[in-house]
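Engineer: Residue-level listing of the chains:
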Amino acid sequence: MSQFAINFIFVMGSFALYLAIAIWSRARSTREFYIAGGEVNPVVNGAATAADWLSAASFISVAGLISVGYVNSSFIMGWTGGYVLLATLLAPYLRRFGTYTVPDFVGKRYVSKSARVVAVLCLIVISLTYVIGQMTGAGVAFARFLEVSVETGLIISAAVVFVYAVLGGMKGVTYTQVAQYVVLILAFTIPAIYLSLMMTGHFLPQTGLFGKHAASGMPLLQKLDQVVRDLGFQDYTADVDNKWNMFLFTLTLMVGTAGLPHIIIRFFTVPNIRQARWSAGWALLFIATFYTTVPALAAMSRLNLLETVYPGGVEEPLVYEERPEWFKNWEVTGLLKFEDKNGDGRIQFYNAGNETFASTTAAERGWAGNELTVNNDILVLALPEIANMPPWLIGLMAAGGIAAALSTASGLLLAISSAISHDLLKNTLLPNLSDKQEMLYARISMTGAIIVATWLGLNPPGFAAQTVALAFGMAAATLFPCIVQGIFNKRMNSKGAIAGMIAGAIVTIGYIFTYLGFFFIPGTALFPNTPEHWILGISPLSVGVIGAIANFIVGTIVSLSTTAPTREIQQMVARVRYPTAKPAAVN
Amino acid sequence: MANELTGSVAPNDKTAQAPLIEVSERDLKYWRFNLRLIVITLTIWAIVSYGCGLLLRPLLMGIKVGGADLGFWFAQQGSVLTFVALVFFYSWRMNKLDEEFGMEE
Numbered sequence: 001m002s003q004f005a006i007n008f009i010f011v012m013g014s015f016a017l018y019l020a021i022a023i024w025s026r027a028r029s030t031r032e033f034y035i036a037g038g039e040v041n042p043v044v045n046g047a048a049t050a051a052d053w054l055s056a057a058s059f060i061s062v063a064g065l066i067s068v069g070y071v072n073s074s075f076i077m078g079w080t081g082g083y084v085l086l087a088t089l090l091a092p093y094l095r096r097f098g099t100y101t102v103p104d105f106v107g108k109r110y111v112s113k114s115a116r117v118v119a120v121l122c123l124i125v126i127s128l129t130y131v132i133g134q135m136t137g138a139g140v141a142f143a144r145f146l147e148v149s150v151e152t153g154l155i156i157s158a159a160v161v162f163v164y165a166v167l168g169g170m171k172g173v174t175y176t177q178v179a180q181y182v183v184l185i186l187a188f189t190i191p192a193i194y195l196s197l198m199m200t201g202h203f204l205p206q207t208g209l210f211g212k213h214a215a216s217g218m219p220l221l222q223k224l225d226q227v228v229r230d231l232g233f234q235d236y237t238a239d240v241d242n243k244w245n246m247f248l249f250t251l252t253l254m255v256g257t258a259g260l261p262h263i264i265i266r267f268f269t270v271p272n273i274r275q276a277r278w279s280a281g282w283a284l285l286f287i288a289t290f291y292t293t294v295p296a297l298a299a300m301s302r303l304n305l306l307e308t309v310y311p312g313g314v315e316e317p318l319v320y321e322e323r324p325e326w327f328k329n330w331e332v333t334g335l336l337k338f339e340d341k342n343g344d345g346r347i348q349f350y351n352a353g354n355e356t357f358a359s360t361t362a363a364e365r366g367w368a369g370n371e372l373t374v375n376n377d378i379l380v381l382a383l384p385e386i387a388n389m390p391p392w393l394i395g396l397m398a399a400g401g402i403a404a405a406l407s408t409a410s411g412l413l414l415a416i417s418s419a420i421s422h423d424l425l426k427n428t429l430l431p432n433l434s435d436k437q438e439m440l441y442a443r444i445s446m447t448g449a450i451i452v453a454t455w456l457g458l459n460p461p462g463f464a465a466q467t468v469a470l471a472f473g474m475a476a477a478t479l480f481p482c483i484v485q486g487i488f489n490k491r492m493n494s495k496g497a498i499a500g501m502i503a504g505a506i507v508t509i510g511y512i513f514t515y516l517g518f519f520f521i522p523g524t525a526l527f528p529n530t531p532e533h534w535i536l537g538i539s540p541l542s543v544g545v546i547g548a549i550a551n552f553i554v555g556t557i558v559s560l561s562t563t564a565p566t567r568e569i570q571q572m573v574a575r576v577r578y579p580t581a582k583p584a585a586v587n
Numbered sequence: 001m002a003n004e005l006t007g008s009v010a011p012n013d014k015t016a017q018a019p020l021i022e023v024s025e026r027d028l029k030y031w032r033f034n035l036r037l038i039v040i041t042l043t044i045w046a047i048v049s050y051g052c053g054l055l056l057r058p059l060l061m062g063i064k065v066g067g068a069d070l071g072f073w074f075a076q077q078g079s080v081l082t083f084v085a086l087v088f089f090y091s092w093r094m095n096k097l098d099e100e101f102g103m104e105e
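Chains A and B, in that order, are what the protein sequence lines are.
If you're matching positions, the first sequence starts at 1 in my numbering and goes up one per residue.
If you're matching positions, the second sequence starts at 1 in my numbering and goes up one per residue.
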């Protein structure tokens, strides 16, 4: 059977599973549509949260990012550490408060339609920018594994999401996400185990990373440091100079993670606060399984690639005609590109940007420039072939990459559509909707969100690559402080909350647009996006946490200079903190 | 208590007026414990990631961990493992506290 047929069977098999779940988990009430009836088991919710979190980009591209070296550890810590904030500062209280959506909490806590609408706007900016990348990611995953165009892949993905999300709402999304987590984690960890066994002899990639490189007997990371140094790259484990920006970037990722609405709403689906707490632990455990495998895969794949190009050590590059089969396969896709600059028929792959190295060592060896362009996605995509894995495993990886894209897209679409139907329609514009009518509107909103997201995925605005930074920055600067203040600051009122969110959004968006262009339009940036032009050395990607600080300060000042929240509101906050507080004797 | 919680409530609308709730010393003690637990959890969270994995890494360079140093280990693995332990610890302790204080819903 051809590899295509195997991939096709795996992907279609996984789709059949999702559709079966969709039919089984139809939503019958708004409660089921928005929060899966509030009856989801904490372990199940943990797996669903992990699938919600791990996107097509995590599956395909993060290992490549991490393989740059120590400096990109920010992604590992940032995309896991946010769950500690979520578990201690947000999730349990929001569950106890008992709302359907994030703007629903804002609207009820601050008793303000304006605050609710501002929160809806922030949510839409965050989730819609985030979903564009997921839709294109689904298309790319399809195109890679199933030999269809990116557009066709995107439309098929949208159709599958349409069936289970419109039918089942949160209930359908939750149970398909669990299946998707299982598929994606197996598809990611099994090849990593293969590679780890091959490179280090360790079954667990996590211990293999700090183990010995089987071929040389040296510690793996030391070997990798040595090889990359000999090619003019920076040491893999080298420390970085600009710790300040790395610090802010990591913090922005963490705070942003904790403020992402599609993640927060997952914690509304468990039965009570106890389960919400446990569920955060399970979610992080499932996510950590992935994010401790990634750095191992990154280091091993990079070393493996370099060993392929330099089979006899760095002085003896591979003869192009003798390149392995997988190398040829990926040249076809353009992810690997060879250009013989010095005409010796060998592949020289090194850091030509390192001038000292290029003018000394490389020149002495007769190298005339880097000859191999590597797209970092190859570290994951070519893995099955590099490690000689059986064809069924490649099929599983195809299903895994697509599962990662679909699960995140559906979570985001649900966050958007429920904010529209529940917050904008039911609680603002059309308060007289019956439960049945609201459900219909929820389904229409979901359909609309899918159509908009598909359209954006097919016609990605030029700034698509920048939007995830915007989503994290905005989540950190608007919703996170607003929710945390709502729980931990009794004195916080609606005016403060609104002013805070607006201030956070202005600081974050303003700073990003200053360096990346007004609405990311090329040529409209006020300053070049280079460290010497950044204010206090803060990169536009790290500004979210500064926006969050602006939100806290402005919110607190505005709140303190306007009237205190009503007694009802303060009692509501008290009940979120200590639910058993008894009504006082009537005096 | 009542003074602290005064607000603008329509005086003639008795049904809209929520009954005053009494926050006991015990409730405050429960909340203070929670806040202290959060501070402890987030302190460890910050130490392992921003401390050991980032800012303090130069100080930990001397301690070797499998081909790299302790700071590298914290940045790529140690902090994540600690986060998992922290969230489970916080959940376990708070759920136990809820039982001790009868705060279960």
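Incorrect hints may have been included.
[Said to hold, decoys possible] Cβ-to-Cβ under 7 Å is the rule here; a few derived chain A residues that face chain B:
1) Ser73
2) Thr88
3) Phe210
4) Leu220
5) Leu285
6) Tyr320
7) Pro324
8) Gln571
[As the list claims (entries may be wrong)] With a Cα cut of at most 27 Å, we get these calculated BS3-like pairs of lysine-lysine:
9) B:Lys64 to A:Lys212
10) B:Lys64 to A:Lys490
11) A:Lys108 to A:Lys495
In short, the hints are calculated from the structure, not lab data.
No residue lacks a Cβ here, since even glycine has one placed at the ideal position from N, Cα and C.
Engineer: Please verify that hint: Tyr320 of chain A, Cβ, nearest Cβ of chain B, below 7 Å or not.
Structural biologist: violated (32 Å)
Engineer: Grab the minimum C-beta distance from Pro324 of chain A to chain B and call the hint holds if it beats 7 Å, violated otherwise.
Structural biologist: violated (27 Å)
Engineer: Would you settle whether the hint for Leu285 of chain A is holds or violated, based on the nearest Cβ-Cβ distance to chain B being less than 7 Å?
Structural biologist: OK, holds: Leu285 of chain A within 7 Å of chain B, min 5 Å.
Engineer: Holds or violated: is the Cβ of Leu220 of chain A closer than 7 Å to a Cβ in chain B?
Structural biologist: Holds, about 6 Å.
Engineer: Between the alpha carbons of Lys64 of chain B and Lys490 of chain A, is the straight-line distance 27 Å or under?
Structural biologist: violated (48 Å)
Engineer: Would the hint linking Lys64 of chain B and Lys212 of chain A be met if the CA-CA limit is 27 Å?
Structural biologist: Distance of about 14 Å is within 27 Å: holds.
Engineer: Is Lys108 of chain A close enough to Lys495 of chain A, meaning Cα to Cα at most 27 Å?
Structural biologist: Judged against 27 Å, a Cα distance of about 14 Å means the pair holds.
Engineer: Please check whether Gln571 of chain A passes as an interface residue: C-beta within 7 Å of a C-beta belonging to chain B.
Structural biologist: This interface hint holds because 5 Å falls under the 7 Å limit.
Engineer: Once the shortest beta carbon distance from Phe210 of chain A to chain B is found, is it less than 7 Å?
Structural biologist: At about 3 Å, which falls below the 7 Å cut-off, the nearest Cβ of chain B leaves the hint on Phe210 of chain A intact, so it holds.
Engineer: Taking the closest Cβ pair, is Ser73 of chain A under 7 Å from chain B?
Structural biologist: For Ser73 of chain A, the interface hint holds, since the closest Cβ of chain B sits about 4 Å away, which is under 7 Å.
Engineer: Is the hint on Thr88 of chain A kept, meaning its closest Cβ partner in chain B is under 7 Å away?
Structural biologist: holds (5 Å)
Consistency with the previously given hints fails for numbers 6, 7 and 10, ordered from lowest to highest.
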